[in-house]
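*Asks:* Given next are the chains, with one letter for each unit.
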Amino acid sequence: MRHLMSPLDFNTQELDRLFDLAGDIERNPGKYAHACDGRILATCFYEPSTRTRLSFESAMTRLGGRVIGFSDAASSSASKGESVSDTIRIISCYADICAMRHPKEGAPMVAAEKSGIPVINAGDGGHQHPTQTLTDLLTIRSLKGALSGFTIGLCGDLKFGRTVHSLINALVRYSDIRFVFISPEELRVPDYITEMLKAKGIPYEEVIRLENVMPQLDLLYMTRVQKERFFNEEDYVRLKDFYILNSDKMALAKKDMLVLHPLPRVNEISVEVDNDPRAAYFRQAQYGVYVRMALILTLLEIQV
Amino acid sequence: MLNVGKIEEGFVLDHIKAGKSLEIYDHLQLDKLDCTVAIIKNARSNKMEKKDILKVECDIDMLDLDVLAFIDHNITVNVIKNGEIVEKKELTLPKQIKNVIKCHNPRCITSIEQELPHIFCLADAKNEVYRCKYCEEKYMSSAKWT
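If you're matching them up, the sequences are chains Z and F in order.
Note that this note's numbering gives residue 241 to position 241 of the first sequence, counting from 1, and the numbers run on in steps of one.
Heads up, this note's numbering is the position in the second sequence plus 1000, with the first residue counted as 1.
Isolated chain F, as found in the complex (with noise of 0.2 Å):
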């Protein structure tokens, strides 16, 4: 079995469904932040069977929650200070999401005005529904893993 070390400061996401982890570093533009990130891919899980999970040294701040959620609000977040868990963060899904999902409908003011930031606020939170803030175009939150 692999290791890998324990962080001192920074936060640990857990119960990422397994191969998911690349999609979860690139949304949370984790390429960007100058920290150590190591990446686990089918780690053994009670729970899931399979799990990937992420660590990443640097401040809790640095990471966009809303994204987060809104990828998978199963996710667990565990902060850790001083090498141990103080926290653990819930997830909910966020009520707007900005720039995370394009819209695709092509009548959509937003295909022809590249400017426009694509927003979707949550429409029905049971199912997980996501639209469009300008046309109502409907987007199932689960359909980004399939």
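So here's chain Z without its partners, still in its complex pose (with noise of 0.2 Å):
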């Protein structure tokens, strides 16, 4: 039995078996409407998230399983008091799979120690996220082609945004890729990451303004830069405008460079750059229901 703690839990092979099963169930979603008959994910989620839940739900339903579950630790049995060790032996009787998200880091990994069902984790703190992951690597290769020979640029919080820490961990596992960090001085992505890079000799470079850059990207993944993240209000109005992308922007980029985002976007992408055929991000939420249909099919050894 497996479970997914990390994205870094299944090799690159494993992964592209994972990404074509995916592609699979993308161009022929009537062939696996049923192959979930009969099972049932728990979707166990210690604090609110809608689209991580969502995702997981509609990926279960989409392959003919039913889900079950709670949405905050307030309507679980935590409130009470009980160990996720005990939560996750009493899911284990009622479902064949679980989903976990957890405010404390490692808690899915603890369940994953006493379960008797594969669980995956669904984020735990600003630990991991490894759904989030697959679902960039996936929209990548599909919309790309393949997992290697680009130029990345990642902005915005690189200091704690953990999507851009886990994204940068899978991607330096294929060959030819280059990292462009932007980002203001504050929120520069940390130094164990620039000395894991130097280490593998993969190439970056780390720069201020989105647009200088803009020309050489193949793709550029967006993050919300928070205003309680900088030290003063005047250094935050300063900067802001540097990491929101707009039209003009856009007008500097490769005609085929992809704009991907996790997503909840706040105002970092104008709602101008919805309309442009290289705005990848809402399709990206669609990959992440393919990814999830894929990791569950995976997980549960059901072969179609």
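Don't read these hints as lab results, they were simulated from the structure.
Certain hints may be false.
No farther apart than 27 Å at their CA atoms in a straight line, the calculated lysine-lysine pairs in the DSS-like style are these [stated by the list, open to error]:
hint, chain 1, residue 1, chain 2, residue 2
1, Z, Lys198, F, Lys1102
2, Z, Lys114, F, Lys1095
3, Z, Lys200, F, Lys1138
4, F, Lys1138, Z, Lys80
5, Z, Lys198, F, Lys1098
6, Z, Lys200, F, Lys1095
7, Z, Lys159, F, Lys1102
8, Z, Lys114, F, Lys1126
Restraint ranges, calculated between C-beta atoms of paired labels, are given here [unchecked claim]:
hint, chain 1, residue 1, chain 2, residue 2, range
9, Z, Glu113, F, Lys1006, 44 to 52 Å
10, F, Ile1112, Z, Arg238, 35 to 43 Å
11, F, Lys1006, Z, Asn169, 32 to 40 Å
12, F, Lys1098, Z, Asn267, 23 to 31 Å
13, Z, Asn11, F, Lys1095, 30 to 38 Å
14, Z, Glu113, F, Ala1123, 16 to 24 Å
15, F, Asp1059, Z, Arg51, 55 to 63 Å
16, F, Ala1123, Z, Ile208, 14 to 22 Å
17, Z, Asn11, F, Lys1050, 29 to 37 Å
If you want the footprint, here are the derived chain F segments under chain Z, 3+ residues with CB under 8 Å [unchecked claim]:
hint, region
18, 1104-1117
19, 1120-1134
Cβ atoms here follow ideal geometry from the backbone N, Cα and C, with glycine treated the same way.
Could you use the hints to bring the two separately framed chains together as a complex?
*Replies:* This is how it looks when you write it as structure tokens:
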């Protein structure tokens, strides 16, 4: 029995198989419509999350399975003081697979150690969110045709953004990738990541202004720059426009560059960009369902 | 110069950093063993100028070498039988340690579930970096002496 705790739990060959399966699901949804008949997914969400929970529920429903669960800790036995270990032992009696989100880091791993069913980490605090990374990788692979040979710009909060860190760690396993980190000084990518890139000989550059590097990017991964991350209001006001993607900046980009975003978007991408064919962030959410469908089938060892 | 007699059966922990023998005593839980223990502080050393030494008269199997290696893998472990050194054990950093150090990350699941063991795994042997098994919080092995 396998669990998914980190995006690195699968090697690149296993990821290829997972993404091939997701691609087949996209092309032939009817073939998988009853693949999980009689199976139950438990969504154990100890903190609210709309998109991730609904994406899992949509994935299981599209596979013909059923979903049970809770969407915040207050409506679970955790509010009575039950441990994660005890909860998962009970859930193992009710369901065939579990997707768990928890505000405390490592909680899904504690669950996996005691679980009788596969556990998927659906986000544990600021630690890991592997299905978001799988979604990002599938989106790139599907829309760009490969997971190698491109320059990717990562823009915004690169210091605290776990989706950015996970994506970098996943992409370094592929060949011929160049990173451009675009952020204010306060939100630069952590040293351990740049040290890792140096050690592996992977090229990268760090810049402050997005428009300066737009022409060289094949992919642009946007994240939100939160006001509360800045030391003072003055810096925030001075820098915030650098990290807002609009039509003017898009005009500088390659014709086939893609814009990704883990969502929710606030104001870092102007709505005027939504109609640009290069804006891939809503399609990215669709790929999130396909990759979760493929993941459920893989962990349940269901062959169609 | 102070003289401490030979032991017949047991082990001698040599080359302990000066002043750290009591911490080793605590970590090895020697207070729980019903045996003779000699703690020698600030002994003269050619290699270290000053060092601590622990002499313990008990079976070597009663010593948790993993804990000792985590605390300081430069310590020399001499195994004594019939009053003579019969073996010098090499210490290597353990792959995993359990309930030796605590994870201090307030966001870690171990911070709210008290019954969970605090497990750290060796992530980078060269730099002696351990990480919490659950949240991957970094712990520098060298930090224990600061």
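*Asks:* Three residues or more, CB to CB closer than 8 Å: is that satisfied between the region 1104-1117 of chain F and chain Z?
*Replies:* Satisfied; 10 residues make the cut.
*Asks:* Given the hinted pair lysine 198 of chain Z and lysine 1102 of chain F, is their Cα-Cα distance within 27 Å?
*Replies:* violated, 32 Å
*Asks:* Are 3 or more residues of the region 1120-1134 of chain F near chain Z, judged by a Cβ distance of less than 8 Å?
*Replies:* Our answer is that it holds, as 3 residues pass the Cβ test (under 8 Å) against chain Z, meeting three.
*Asks:* Going straight from one Cα to the other, do lysine 114 of chain Z and lysine 1126 of chain F come out at no more than 27 Å?
*Replies:* violated, 33 Å
*Asks:* Look at the Cβ atoms of lysine 1006 of chain F and asparagine 169 of chain Z and judge whether their distance stays inside 32 to 40 Å.
*Replies:* Violated, since lysine 1006 of chain F and asparagine 169 of chain Z (Cβ atoms, about 55 Å apart) do not stay within the stated range.
*Asks:* Next pair to validate is lysine 200 of chain Z with lysine 1095 of chain F; report whether the Cα-Cα distance is within 27 Å.
*Replies:* This hinted pair holds, its Cα atoms lying about 24 Å apart.
*Asks:* Assess, step by step, whether the Cα of lysine 114 of chain Z is no farther than 27 Å from the Cα of lysine 1095 of chain F, and give holds or violated.
*Replies:* holds, 22 Å
*Asks:* Check the hint pairing lysine 198 of chain Z with lysine 1098 of chain F against an upper bound of 27 Å on the C-alpha distance.
*Replies:* Outside the cut-off at roughly 33 Å; violated.
*Asks:* Tell me if the beta carbons of aspartate 1059 of chain F and arginine 51 of chain Z are separated by a distance inside 55 to 63 Å.
*Replies:* holds, 59 Å
*Asks:* Quick one, are lysine 159 of chain Z and lysine 1102 of chain F close enough, alpha carbons at most 27 Å?
*Replies:* holds, 26 Å
*Asks:* Holds or violated: the 35 to 43 Å window for the beta-carbon distance between isoleucine 1112 of chain F and arginine 238 of chain Z?
*Replies:* About 40 Å separates the Cβ atoms of isoleucine 1112 of chain F and arginine 238 of chain Z, which means 35 to 43 Å holds.
*Asks:* Is the distance from the Cβ of alanine 1123 of chain F to the Cβ of isoleucine 208 of chain Z consistent with 14 to 22 Å?
*Replies:* violated, 32 Å
Hint violations for this structure: numbers 1, 4, 5, 8, 11, 12, 13, 16, 17, all remaining hints satisfied.
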